[in-house]
Amino acid sequence: MIGLAIGVAVILYLVFVYNGLVKARQMAEEAWSGIDVQLKRRADLIPNLIETVKGYAAHEKSTLEEVVTLRNRAQAVPEGDVAARAAAEGALSQALGRVFALAEAYPDLKANENFAELQRSLETIEGEIQMSRRYYNGAARDLNVKVESFPSNLIANAFRFVKASYFEITNEADRAVPSVKF
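Just add 1062 to the spot in the sequence shown (first one is 1) and you have the working numbering.
None of these hints come from the bench; they were simulated from the model.
Do not rely on the hints blindly, as some may be mistaken.
Below, computed lysine-lysine pairings styled on DSS-like, alpha-carbon distance capped at 27 Å [unchecked claim]:
#1 Lys-1102 / Lys-1123
#2 Lys-1225 / Lys-1085
#3 Lys-1102 / Lys-1208
#4 Lys-1225 / Lys-1208
#5 Lys-1208 / Lys-1085
#6 Lys-1102 / Lys-1116
#7 Lys-1085 / Lys-1102
Source: prediction; values computed, not measured.
All chains should be built: construct the whole structure from the sequences, respecting the hints.
Quick look at the structure:
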C-alpha cells in the first residue's frame, strides 16, 4: 500500500513537472509571437516612411536603400533564430535612426504630416517592441530555469525540452538610442 502511494506520488510529481515545462515553453513561444507581431508592424510601416522621405531627400538614396535592405534581411531570418533576428533588428533600428536624422536636414520633411504620423507610429511600435522583448526574455528565463534546475532538468532532458534564446542586442552600437527629434 505504501509502495502504491509512493508510486502515485512520483507519477503525479512527474506530471506536475512536465506540465510546468510545457506551460513555460508555451509562454516563451507566446512571448516570441508578441515580439514578432510588433516587428512585423514596424516592417510594414517602413515602405511608407521610405516613400515619404524619398520625395524630400532623393540624393539620400544610399541611406534609404540601406533601410530597405536591412528590413528585408530582418524578415528573411529563419523563424526561431532569436539571436540572428535580434542582430538584424538592431541594425535596422540604427538605420531608421539615420532616416529620422535626415528630417533635421529637410525642414519641409520634418513638417510633413505623413512623415510626422509615421514617425509617431514607429515610436509607439518601438516602445511596444521593448515591452514585448522584456516579456519574452522573462518567459525565456522561466523556461530556462526549469530546464536547468534539478530535478525538473531530468524530465526536461528526457522529453527534449531545450533552453530558449534571449532576445538581446549583442552589438554595443545597436544599444545606442537613435536620435529622433521633432
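For each hint, the structure was consulted:
no., hint, verdict
1, Lys-1102 / Lys-1123, "24 Å, holds"
2, Lys-1225 / Lys-1085, "14 Å, holds"
3, Lys-1102 / Lys-1208, "30 Å, violated"
4, Lys-1225 / Lys-1208, "9 Å, holds"
5, Lys-1208 / Lys-1085, "11 Å, holds"
6, Lys-1102 / Lys-1116, "22 Å, holds"
7, Lys-1085 / Lys-1102, "25 Å, holds"
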